[in-house]
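Colleague: Listed here are the chains, written in short residue letters.
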Amino acid sequence: MAVHRRGYRRYDGSLTPERWRFWILARYAFSRVFQSRLLVIFYVICFVPTVLALSAVYLSHNVDLLASMFPHAQLPSTELLPVNAEFFLFLMAIQATLSVFVTALIGPGLVSPDLTNNALPLFFSRPFSRAQYVLGKFSVLFVLLSLITAAPMLLIYVLKSALAGSQWFIDNIHLAFASLVGSLLWVMLISLVSLASSAWVRWRPAAAGMLFALFFIPAGFGAAANEIMRMTWGSLLNGTVLIGTVWNSLFFINDPAGYARAADALSEMPDTVGFLPAWSAWLMVAALCAASLLLLNRKLRAHEVVR
Amino acid sequence: MNRFSEQATASARVPLLRKETGNAAPAIELDNLSVSFNGRPILKDLNGAFSGRAIGLLGPNGAGKSTLIQTLLGFHPPTKGAARVLGMDVRSQIREIRHAIGYMPENDSFITGMTGIRMVRMMAELSGLPPADALERAHETLFQLGLGEARYRNVGTYSLGMKQMAKLAVAVVHGPGMLILDEPTNGLDADGRKRMLEIIREIRDSHDTQIILCSHLLRDVEECCDEVMILKDGMLVTHCNLEAERRTNRKFIQMETRGDTGVFLNRIEQLGCELAVNGNRRLKMVLPEAVETRDLYRIASETGVQIRRLDFKRDSLQDIFLKAMEESNGRP
Amino acid sequence: MSGANASPSGRSHQEMSGANASPSGRSHQEMSGANEIVFTDVSKFYGEVLGVNKINLRIGPGITSLVGPNGSGKTTLMNLMTGLIRPTRGDIEVLGTRTGDPETFYRKIGYCPQFDTFPKGVTGFGLISSLLRLHGCSKRDAEDTAGRAIEQVHMTDAAHRRVAGYSKGMRQRIKLALAVAHQPAVLVLDEPLNGLDPMARAESIALFQKLAESGLFVIVSSHILHEVDIISDSVVMMSNGYIVAEGDIQDVREEMSEHPIGILVRCDNPALLARRAFSENHVVEVRIEDDGTGVLVRTRSADQLYMLINRVVLEDKMTIEGVIPIDEDVHSVYSYLIGADGAVRL
Chain A
1094 MAVHRRGYRR
1104 YDGSLTPERW
1114 RFWILARYAF
1124 SRVFQSRLLV
1134 IFYVICFVPT
1144 VLALSAVYLS
1154 HNVDLLASMF
1164 PHAQLPSTEL
1174 LPVNAEFFLF
1184 LMAIQATLSV
1194 FVTALIGPGL
1204 VSPDLTNNAL
1214 PLFFSRPFSR
1224 AQYVLGKFSV
1234 LFVLLSLITA
1244 APMLLIYVLK
1254 SALAGSQWFI
1264 DNIHLAFASL
1274 VGSLLWVMLI
1284 SLVSLASSAW
1294 VRWRPAAAGM
1304 LFALFFIPAG
1314 FGAAANEIMR
1324 MTWGSLLNGT
1334 VLIGTVWNSL
1344 FFINDPAGYA
1354 RAADALSEMP
1364 DTVGFLPAWS
1374 AWLMVAALCA
1384 ASLLLLNRKL
1394 RAHEVVR
Chain B
10 MNRFSEQATA
20 SARVPLLRKE
30 TGNAAPAIEL
40 DNLSVSFNGR
50 PILKDLNGAF
60 SGRAIGLLGP
70 NGAGKSTLIQ
80 TLLGFHPPTK
90 GAARVLGMDV
100 RSQIREIRHA
110 IGYMPENDSF
120 ITGMTGIRMV
130 RMMAELSGLP
140 PADALERAHE
150 TLFQLGLGEA
160 RYRNVGTYSL
170 GMKQMAKLAV
180 AVVHGPGMLI
190 LDEPTNGLDA
200 DGRKRMLEII
210 REIRDSHDTQ
220 IILCSHLLRD
230 VEECCDEVMI
240 LKDGMLVTHC
250 NLEAERRTNR
260 KFIQMETRGD
270 TGVFLNRIEQ
280 LGCELAVNGN
290 RRLKMVLPEA
300 VETRDLYRIA
310 SETGVQIRRL
320 DFKRDSLQDI
330 FLKAMEESNG
340 RP
Chain C
5 MSGANASPSG
15 RSHQEMSGAN
25 ASPSGRSHQE
35 MSGANEIVFT
45 DVSKFYGEVL
55 GVNKINLRIG
65 PGITSLVGPN
75 GSGKTTLMNL
85 MTGLIRPTRG
95 DIEVLGTRTG
105 DPETFYRKIG
115 YCPQFDTFPK
125 GVTGFGLISS
135 LLRLHGCSKR
145 DAEDTAGRAI
155 EQVHMTDAAH
165 RRVAGYSKGM
175 RQRIKLALAV
185 AHQPAVLVLD
195 EPLNGLDPMA
205 RAESIALFQK
215 LAESGLFVIV
225 SSHILHEVDI
235 ISDSVVMMSN
245 GYIVAEGDIQ
255 DVREEMSEHP
265 IGILVRCDNP
275 ALLARRAFSE
285 NHVVEVRIED
295 DGTGVLVRTR
305 SADQLYMLIN
315 RVVLEDKMTI
325 EGVIPIDEDV
335 HSVYSYLIGA
345 DGAVRL
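Residue numbers (my numbering), protein chains in the order written: chain A, 1094 to 1400; chain B, 10 to 341; chain C, 5 to 350.
Just so you know, these hints were derived from the structure itself, not from any lab.
Be a bit skeptical, because a hint or two may be false.
Simulated DEER-style distance windows between Cβ atoms [as the list claims (entries may be wrong)]:
hint, chain 1, residue 1, chain 2, residue 2, range
1, B, 271, C, 92, 49 to 57 Å
2, B, 335, C, 140, 41 to 49 Å
3, C, 120, B, 104, 30 to 38 Å
4, C, 88, A, 1298, 28 to 36 Å
5, B, 287, C, 57, 35 to 43 Å
DSSO-like mimics (lysine-lysine), calculated; alpha carbons at most 27 Å apart, straight line [stated by the list, open to error]:
hint, chain 1, residue 1, chain 2, residue 2
6, B, 322, B, 332
7, A, 1392, C, 112
8, B, 53, C, 58
9, A, 1392, B, 293
Even glycine gets a Cβ: it sits at the ideal position worked out from N, Cα and C.
Could you put the whole structure together from the sequences, leaning on the hints where they help?
Modeller: What follows is the structure, given as structure tokens:
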């Protein structure tokens, strides 16, 4: 018989490689995020428009199927539902709006609680840098949001190509590229802004509200500024116009006429005035991302700075 | 994909300085260390090598204790000079240092929305432990610290004492070579404090981990530490070895009596003892060379006084601290 | 120390409720309350939750320490004493005044609570002088008195800075100044040494002792039992809303006669002392320490053991290194009466 003595032992096993450690934060955050039933339900709902779109694409290729469903309708023989830039833009707009809600549900819970409860020294007294911390939290939002914005676009593209043939695939590759890049840009923008605002505001409900506030209030100011100063730069503060302009420039790179049409459509939306040059929109998006990163850099410290 | 293959991680192995090298590096070495914030000097020219098993860090508020801890953890770089922790330089080897250090911050510090075991696990993984090892060690640590069933509850629901234990668990789970504990008994009730100090002594005696204990309670430091550094106004005013101090306090006596002590005290003073009466029947005295405790008993029985307690003085740290504060007042 | 405290006044609580005669020979009802704080059958419930239950307590001048685990009712007791809350049942009288008479009551009491919030934008000096104006002092008087109170706590340099910028120790001292500024007769302090560095602790303790000597009632709650031991004239021990023991700590210990008293004797010949101890009837247990430097004796009568030790020292020429009652201090009594889980053992 032996009495087992357990003391405080050092650890002398192997260590995990440092560059993947940010993913640890993401793993734990995922499991916590999916504990909320409200979120899971809402997340599933976010896929509904995609499912509808996929069905529409499928049905438009199988007109006979459609005819059998609606025997009395007169159906044109040409393509019922063209899968073109407008189609993608429409779907992206819907998914982007839904993604704002998802971000408001997830984002604040990522950073605010750590700041409120002074958990940062626990993180940064370990071989874990602030960049890895931000990357870890960011990747939670990035993965979850990409699944509801970029992934649906790819799925539609693949389905359409399967139905319409490899020539269509090659001819319309720019659509895939534009929708992918556009979605990811949007995801990156709202993820960074959400992280920064939850680091700034610290109180979780306020951080959620902040995201919505950031969406609507500057737009109002921008519209007012446009009116007063008779310009269009105020629209830079309008999230819809901003990202819409960026997407337009992606989709209509080689199609000035199409671009003009889309820009007109955008400028005719309620509360927007006039027309933004594409370069200004890109610059603004870059500036917002940079500002978010700077704010995160200031707010995420391991210790309080002595006054 | 086996990420944890030997080749990949061999270089990531934490240098176990105590076991690999025959000559253990001192816990902390300070080399003309100066730290300033926004031009304001906080730490001024600190020098010394500290290698006790448990080192107490004392000083009045504003002396720079937190700044020193922050510098050792790499939260703030030194403005001038150098500091080494377990032989590793704070400027160039901060990642290795953080592998080998555990930190228990003073303020309330925890992660919401997680159970105790999850939080400790995650922290262990962030220190580089593979997930399976992290889970094992997390449970082991929580068991050693006495957080039983509570580990499956949300940390936000813990009482203050349990939160302190959870903080300590986070600091030790990855088996660090050095622990920095900032006011570990803060807010604990009497039993909680006793348990915390017991655990600190256990960790100290396991011979594997050195401890830096920062506290305002001199008793805590006296019970756990063998070496003490005292800061004031950013300067190191005292660095002494408590063991050595205790051995030299042979002739200071504390006594409690019962009965009318008037004549008793007179007779003792006649023997040449210096006396101080401290209300509540407590006496402090310094015995001259020739006098023994037996003489005190003899006088007590002759004057009808009952000696209820007799002890050699044990609050040497209080004297050391007060002396350090007074001395440094005269400095520029 | 005043005469009333010189005689054994320690009571463990079972005996209190039955006793009619207090040690000085007067019956309960006849004792005047003019120089005491008296709780009579006080209970406080927050809805269903227990604050304190059936408290009967008399507190005299001097330093009284309130001791007990978190949640034992100390803060409730202090809030009741300072009139911040009303008891669900029972009566509280402070120096003859009831809490129903706020004009007189609040002049007599100063409270230094645990909470750390202050009105925004105010300086230390401003805070204290405004409080004094509330008590009816003229502007001049208020400022002078505030200055003196601030000096008592050594905060004169920082008095005109905003409280929001103070460190924890400074806030603690300002709270103390706030509590003593209007020169109350009763000072109630909830963990006043929390966050103070060793020097500030010693200074505050010296201040309490000075105030107590001038006749104030100083009631302090603390978790640091060795400090309680040093400064208190009497101790009130609470657990789970009940008072478990109160009075002078040595007398409380003597009353716990069913629990033998342990005394550790460090000497050069422990075996000899052990032999002599065993031959005494009052000795219950003798244990020689692991390192051979001393012997732990448990006895039913401490007095007789001390006499034995004296005899052995003189007759057998034993050299004593130390005689230490191991459970006569607050912590031992606390551990014995209130177990680690807060359960009361009586």
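Colleague: It remains to establish, for every hint, whether it holds in the given structure.
Modeller: Status of each hint after checking the structure:
1. 271(B) to 92(C): 49 to 57 Å: holds, 51 Å
2. 335(B) to 140(C): 41 to 49 Å: holds, 42 Å
3. 120(C) to 104(B): 30 to 38 Å: Hint holds: Cβ distance 37 Å, inside 30 to 38 Å.
4. 88(C) to 1298(A): 28 to 36 Å: At 31 Å between Cβs, range holds.
5. 287(B) to 57(C): 35 to 43 Å: Distance hint for residue 287(B), residue 57(C) holds at roughly 37 Å.
6. 322(B) to 332(B): OK: residue 322(B) and residue 332(B) at ~16 Å, within 27 Å.
7. 1392(A) to 112(C): Roughly 47 Å between the alpha carbons, so the hint for residue 1392(A) and residue 112(C) is violated.
8. 53(B) to 58(C): Roughly 58 Å separates the two Cα atoms, so the pair is violated.
9. 1392(A) to 293(B): violated, 54 Å
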